[in-house]
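*Asks:* Line by line, the protein sequences give chains Y, S and C.
Just so it is clear: in the first sequence, position 8 is 8 by this note's numbering, and no numbers are missing.
Counting the second sequence from 1 gives a position; this note's numbering is that position plus 85.
Counting the third sequence from 1 gives a position; this note's numbering is that position plus 202.
There may be inaccurate statements among the hints.
[What the hints assert, rightly or not] Under the rule of at most 20 Å between Cα atoms (straight-line distance), these lysine to any residue pairs were calculated in the SDA-like manner: (1) S:108 / C:207; (2) Y:77 / S:113; (3) Y:25 / Y:76; (4) Y:77 / S:182.
Just so you know, these hints were derived from the structure itself, not from any lab.
Every value quoted in this text rests on a predicted model; they were computed, and no experiment measured them.
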Amino acid sequence: MLNTVFIIILGSIMLVAAFLAVYIKNLVSSVIAAGIISLLASLIYLLLAAPDVAMTEAAIGSGLTTVVFLLALKNIKQKEEDTDD
Amino acid sequence: MNLVMALGFLLVIIGLWAMLTQKNLIKIIIGFSIIDTGVHLIIVSIGYIKGRTAPILDASVSVADAANKIVDPIPSALVLTAIVIGLAVTALMLTFVIKLYQKNKSLSIDDYQELKW
Amino acid sequence: MIKQVLSLVAIVLLAALIFAPMLINTPLHTSLTPLANYYATQGADDLGAPNLVTAIVVTYRGLDTLGEVTVLFIATAGIGFLMGKKKKLITPKRPASELLQNGASFLLPIIILFGVYIFMHGHLTPGGGFQGGVVIASGILFMMLINQDWSHNVFLFLESFSGFFYVTIGALGIVLAGGFLDNRILPLGTFGTIFSAGAIPLIYSLIGLKVGTELVGILHAMRGEE
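Isolated chain Y (complex conformation) (with noise of 0.2 Å):
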C-alpha cells in the first residue's frame, strides 16, 4: 500500500519532469529536468526490489548521461564562439 503512494507521488513528479525537459526553452535546464527522471526512476527500481538495476540507473542515467550532455552543450557553444571571432 505504501509502495504505491510512493510510486504515485514519484510517478507524478517524473511527469513534471518529463513536459518540462520537453518544453523548457534553456536547454541546460531540460537536460537537468531529464536528469531529474533517471533519479527518480533509481528510487522507482528500488521500490521494485530491483536494487542492482537503481545503482546501474542513478550511477549512469542521472549522473553520467547529464555530464554527456552537457559536455555536449560546451562543445557546441565553444564552436559558436569560435565563429563569433
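Fit chains S and C to the known structure of chain Y by using the hints.
*Replies:* Just chains S and C now, with coordinates in the frame of chain Y:
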C-alpha cells in the same frame, strides 16, 4: 493494473512526442533518453512480484525457499546491460550533433535538408 | 501545424493499438516463470553466487554481456573517430578553484577504492562490474574537472588488457569446464564469502575495468577539441 508499467508507457509517449515535434536536435536526443527510461521501467515492472524481495540469497532468503521469496531476476539482468548501452548510444548521437553543428552552424533540424524527399 | 496533428494521430494510434492492450492484458505475476524458477532453485548450487542477477549477467547470459561490451567498444571507437585527435587540450578561461582541486585530489582515491569494492563484491551484494566501472569513470571525471593531465595511454592499455583477458577466461571455460564463459574453472568455495563463486569475481572485475575505461574514453573524446 500495473502502475509502473502505465508510468513507463506515459514516459514513452512523452518521449516519442518530443522526438516527433521538437525542432532542436538536443531536444530530440533528450526525448530519446526519456523513451529509454520508460522502456526500462516497463521491463522491470514485468518481473516484479508483489510482496517479494530482491534476488539475492542471504540470511533472510535461504536457498531452499528462494523460489517463493524473490522477484524475477531476468528482467533486472537485461535492463542492467540496456542502461549501459543507452549511455553509449546517447553519447554517439551527441557526437553526431556536435559534428553537424560544426558543419552547418545550426541545431535546428529544419536546416538539414539533404535527406529530405 | 499539420506535422503536429500527424504526430498526435500516430501516437494515439500507437497508444490505443499497442500500449493499452499490453497494459490491460499483461497479468500481474504471482509466481516465477519456469526459467526464473530454475535460476532461483539451482543457481546457488550451479554457480555459487548469492546475487542471482550477477550469476545471470556473468555466466548464464555471459555471451550477452560479451556482446554488450563489444557494442560499448564500437560506440566508443565511433565517438573517438568522429571527434578526431586532439591537437591541444583546451586551456580553460580560469583554473579550477582551490576547493575543487583539494576536494578532488582528496576524494579520487576513495572513489576509486569504492568502485573496486563494488565490482569485487558483485557476486555478494547489489552492484558489480557495470556499476563499479561507472563509479571509477566518475572519479576520473573529477580529475578532468581540475585539468590534471592524465596520459590516456594508460586507459587504452587497461582497456585492451581487460578485454583480452575477459575473452581468454571465457575460452578457458571451454577447455576446463562446461562451455564458453563457464565460471567453474576455479573452485566454487564457501557460499557467501568473497573468494567464492569460481571465476565470477574475476570476470566481473575485468568487465568493470573494461566498462570504466571505455566510459573514460567517451568522456575524454567528448571533453572538447581545438
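*Asks:* Evaluate each hint against the coordinates.
*Replies:* Results of checking the hints against the structure:
no. : hint          : result
1   : S:108 / C:207 : holds, 15 Å
2   : Y:77 / S:113  : holds, 18 Å
3   : Y:25 / Y:76   : holds, 16 Å
4   : Y:77 / S:182  : holds, 12 Å
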